[in-house]
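Listed in order, the protein sequences are those of chains A and B.
Counting in our numbering, the first sequence runs without a single skipped number right up to 209 at its last residue.
Counting in our numbering, the second sequence runs without a single skipped number right up to 579 at its last residue.
Please note: incorrect hints may appear among the correct ones.
Stated by the list, open to error - Calculated lysine-lysine pairs in the DSSO-like style (CA-CA distance at most 30 Å, straight line):
hint, chain 1, residue 1, chain 2, residue 2
1, A, Lys109, A, Lys129
2, B, Lys170, B, Lys189
3, A, Lys137, A, Lys21
4, B, Lys341, B, Lys329
5, A, Lys21, B, Lys170
6, B, Lys530, B, Lys341
7, A, Lys31, B, Lys170
8, A, Lys31, B, Lys189
9, A, Lys21, A, Lys150
10, B, Lys236, B, Lys170
11, A, Lys21, B, Lys506
12, A, Lys31, B, Lys530
Source of the hints: derived by calculation from the structure; they are not laboratory data.
These numbers come from a predicted model, not from an experiment.
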Amino acid sequence: MLIDHAAAARQNKQKHTLVALVENKPGVLNRVASLFRRRNYNIDSLAVGTTDDPAVSRMTIVVDASKTSAALVESNLYKLVNVIDVQDLTNVPAVIREMALIKVRTNDAQQRGEIKQIADMYKSDVVDLSKDSIILEVTGDETKIDAMLNVLSEYGIMEVVRTGRIAMGRGATRMAQKHEATEVSVVPFDNAVVGQNGHGRHT
Amino acid sequence: MKLTGAQILWESLIQQGVEVVFGYPGGAILPTYDALYDYRDRVHHVLVRHEENAALAADGYARASGKVGVCMATSGPGATNLVTGLANAMMDSSPVVAITGQVASHLVGSDAFQETDVTGVTLPVTKHNYLVMSVNEIAQVVAEAFYIARSGRPGPVLIDICKDAQQKSTEYTPVTSVRLRGYRAIKPMRRQDMPALLRAAAELIDNAKRPIILAGQGIKHGKAHEELCEFVNKTGIPVATTLLGIGVISEDHPLNLRMMGMHGEAYVNQAIANADLLIALGMRFDDRVTGNLSQYAKNARVIHVDIDAAEINKNVPADVGIVGSVKDVLRDLIPLVAKRTHDNWMAQINEWRMDTQMHDVMNQPLPDNLLLAPQVIRAIWEATGGNCTITTDVGQHQMWETQYFQHTRRNQLLTSGGLGTMGFAVPAAIGARFARPNEEIWAIAGDGGFQMSIPELATIRQEGLNIKMAIINNNYLGMVRQWQELMHDRRYSATQMWTPDFQKLAEAYGILGLRATTLDETREIIAKARAHDGPVVCEFVVENETNVFPMVMPGKALNEMVRRQPAALGTGFETVK
Ligand SMILES: Cc1ncc(C[n+]2csc(CCOP(=O)(O)OP(=O)(O)O)c2C)c(N)n1
Ligand SMILES: [Mg+2]
Numbered sequence: 007m008l009i010d011h012a013a014a015a016r017q018n019k020q021k022h023t024l025v026a027l028v029e030n031k032p033g034v035l036n037r038v039a040s041l042f043r044r045r046n047y048n049i050d051s052l053a054v055g056t057t058d059d060p061a062v063s064r065m066t067i068v069v070d071a072s073k074t075s076a077a078l079v080e081s082n083l084y085k086l087v088n089v090i091d092v093q094d095l096t097n098v099p100a101v102i103r104e105m106a107l108i109k110v111r112t113n114d115a116q117q118r119g120e121i122k123q124i125a126d127m128y129k130s131d132v133v134d135l136s137k138d139s140i141i142l143e144v145t146g147d148e149t150k151i152d153a154m155l156n157v158l159s160e161y162g163i164m165e166v167v168r169t170g171r172i173a174m175g176r177g178a179t180r181m182a183q184k185h186e187a188t189e190v191s192v193v194p195f196d197n198a199v200v201g202q203n204g205h206g207r208h209t
Numbered sequence: 003m004k005l006t007g008a009q010i011l012w013e014s015l016i017q018q019g020v021e022v023v024f025g026y027p028g029g030a031i032l033p034t035y036d037a038l039y040d041y042r043d044r045v046h047h048v049l050v051r052h053e054e055n056a057a058l059a060a061d062g063y064a065r066a067s068g069k070v071g072v073c074m075a076t077s078g079p080g081a082t083n084l085v086t087g088l089a090n091a092m093m094d095s096s097p098v099v100a101i102t103g104q105v106a107s108h109l110v111g112s113d114a115f116q117e118t119d120v121t122g123v124t125l126p127v128t129k130h131n132y133l134v135m136s137v138n139e140i141a142q143v144v145a146e147a148f149y150i151a152r153s154g155r156p157g158p159v160l161i162d163i164c165k166d167a168q169q170k171s172t173e174y175t176p177v178t179s180v181r182l183r184g185y186r187a188i189k190p191m192r193r194q195d196m197p198a199l200l201r202a203a204a205e206l207i208d209n210a211k212r213p214i215i216l217a218g219q220g221i222k223h224g225k226a227h228e229e230l231c232e233f234v235n236k237t238g239i240p241v242a243t244t245l246l247g248i249g250v251i252s253e254d255h256p257l258n259l260r261m262m263g264m265h266g267e268a269y270v271n272q273a274i275a276n277a278d279l280l281i282a283l284g285m286r287f288d289d290r291v292t293g294n295l296s297q298y299a300k301n302a303r304v305i306h307v308d309i310d311a312a313e314i315n316k317n318v319p320a321d322v323g324i325v326g327s328v329k330d331v332l333r334d335l336i337p338l339v340a341k342r343t344h345d346n347w348m349a350q351i352n353e354w355r356m357d358t359q360m361h362d363v364m365n366q367p368l369p370d371n372l373l374l375a376p377q378v379i380r381a382i383w384e385a386t387g388g389n390c391t392i393t394t395d396v397g398q399h400q401m402w403e404t405q406y407f408q409h410t411r412r413n414q415l416l417t418s419g420g421l422g423t424m425g426f427a428v429p430a431a432i433g434a435r436f437a438r439p440n441e442e443i444w445a446i447a448g449d450g451g452f453q454m455s456i457p458e459l460a461t462i463r464q465e466g467l468n469i470k471m472a473i474i475n476n477n478y479l480g481m482v483r484q485w486q487e488l489m490h491d492r493r494y495s496a497t498q499m500w501t502p503d504f505q506k507l508a509e510a511y512g513i514l515g516l517r518a519t520t521l522d523e524t525r526e527i528i529a530k531a532r533a534h535d536g537p538v539v540c541e542f543v544v545e546n547e548t549n550v551f552p553m554v555m556p557g558k559a560l561n562e563m564v565r566r567q568p569a570a571l572g573t574g575f576e577t578v579k
């Protein structure tokens, strides 16, 4: 059971995709952001959105684990009272996607045709067209989007927005809503029990 | 039954077993104080003289009682004054609930008079916090706050309650349980892992030749004193404690080597540096404990047990990391380990211990006209027979307390560890006074730290609290001066301190003031102070450039510590053993 530190270190030297289910309450995003800032964690991206449960939001967080131990990020996230569950999807089968909108400068018909061809190759859609520009919408993993941006850069990219990763484990797994049932009795408060170790002589 | 939010708050506090609250009123918390008037027979309110001390007193109360300490303040400046105390509780995992008033809910966000974003300000220094905007949430939130504060790894929780929520009325039903979707006191380990981890730990323990236990405050929080003792006695493994771990096992236990770290005795750190196995129980490898991490216990395997999963592998990678209550883990582990002794290893440690003692100047006669701080600490120990609760401030006197007072009672020493908060000793003693009504209590502070707490003499007088205060007066911010001496070429920048006439000062508060400048006088005034039925301020005028040794210089390895030097006057003093 002993940890192979070298292996652990190797495994850590990569980007980790963490998914957190959080309570949909005011200030929760602030708590998560504050944790990252305070602990000096290196975050590549953070995407937040709603889920099927209106009381729960879902965050996908990409951590640069060459600088930060992903396990520690996970444990610290878990400690936040409004975080329901955290999962590291890095080494499990998962669907990982990012979306981008890319605005490219173009004002002649031939260029526009080329760009449309490139868009098709990357299975992306033209979602806006003006006299001098075109906006493409693309979905995929980062490497695909990076590659597309690289190709388009020749034409003059005006604006880019990327959502950051969103991720979901494959198969019939579901992130545990494990705390739903945990009910803890808080009274009567047992003073006798808390005080019991007191301050007497050691036995 | 319809009650106001303020009444519901008091009902809920009483239901949680709260008997004493340390606080300071103001506009936004006024409805709560108005309701307190009717609850004053059931909850004792202590009016401190500065909100920081309300939080520190609540922390001291929590440390001394094992229960949740409660402090209260108004919005804006009242709440921001709590911050240091909350940070102190956070660093040392003290269960504290802080209640603050907030401007009326319709004014939140408008920069209203005395409005501060208190949940924002206290976010990083609390385990959790709440902004309560509606009277309907109060009972629920109080129950949750107490549960969060005292469960798992304890910590401070703040409840910021809008003024109108305190004023409005609603039907009150006591809350008897909480259901927190996102909170578990202990992060569960995969169940199948536990037996294997325990077996792996037992195997490491049975095969170790130079093992050492590093015991921290988790033992105290987990009430695992007996399990620790049983584990030590069965395995024959010596124990070193952290600063906050002092008092989890008696310092007269033959296997208790005492405190480790920056100002631990040399032989303790040598033992750690040479160990082949560290068994860390409820401690977090603070940098004051490890010294230079890359040099730390290089040849040791590590078993780390902590209730907080985020502590495992944070500073020191664990070969076996177990997340759990140290009491449960030890209970499971004890039957798995072999009964044995470590004669060779202990012989080696004792050799180092002898060497440590040779560095002392125990036999060197000290001039009669000089009083050394360690002598004062020793005199208090001798006079009380060690039967008292000690609170300390932060600085040289704090480290000398750890070195020259032998702690044989449980949870005897209350001191600010992680935050190192000057101004802790006096308010913590106020808190402890309520938690331990029959105990003799000594608050030991430096001249610097005591001057941060002077206003609380009025609280002590008003409440009639029997607290013995010892000021170790070296007319310096001694610990900083020591660093300046050792690392900044004796450039004493802003560390010299003028001090008032403490005797007169005490008298102005109607408190007995005493002063000693020699060892004889020291013994005399300690006896007088103990005989006096009430608070006493004792000033001990000590040699003012004495340094605390041994010392691990910043960035150095544990075993590279600067030892006591027999030649330097007053820098060595026999340890208790
Ligand atoms: C609130 C606060 N401010 C500053 C410090 C930094 N500091 C640590 S020890 C120390 C000197 C304390 O002086 P004194 O209370 O006289 O105790 P001594 O070291 O002389 O025993 C200072 C200023 C601190 N720990 N806490
Ligand atoms: Mg001083």
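Structure-based check of each hint:
| no. | hint | in the structure |
| --- | --- | --- |
| 1 | A:Lys109 <-> A:Lys129 | holds (16 Å) |
| 2 | B:Lys170 <-> B:Lys189 | violated (38 Å) |
| 3 | A:Lys137 <-> A:Lys21 | violated (40 Å) |
| 4 | B:Lys341 <-> B:Lys329 | holds (19 Å) |
| 5 | A:Lys21 <-> B:Lys170 | violated (51 Å) |
| 6 | B:Lys530 <-> B:Lys341 | violated (49 Å) |
| 7 | A:Lys31 <-> B:Lys170 | holds (23 Å) |
| 8 | A:Lys31 <-> B:Lys189 | holds (22 Å) |
| 9 | A:Lys21 <-> A:Lys150 | holds (16 Å) |
| 10 | B:Lys236 <-> B:Lys170 | violated (60 Å) |
| 11 | A:Lys21 <-> B:Lys506 | violated (65 Å) |
| 12 | A:Lys31 <-> B:Lys530 | violated (58 Å) |
Figure legend: structure checked against the earlier numbered hints; hints not met, in rising order: 2, 3, 5, 6, 10, 11, 12.
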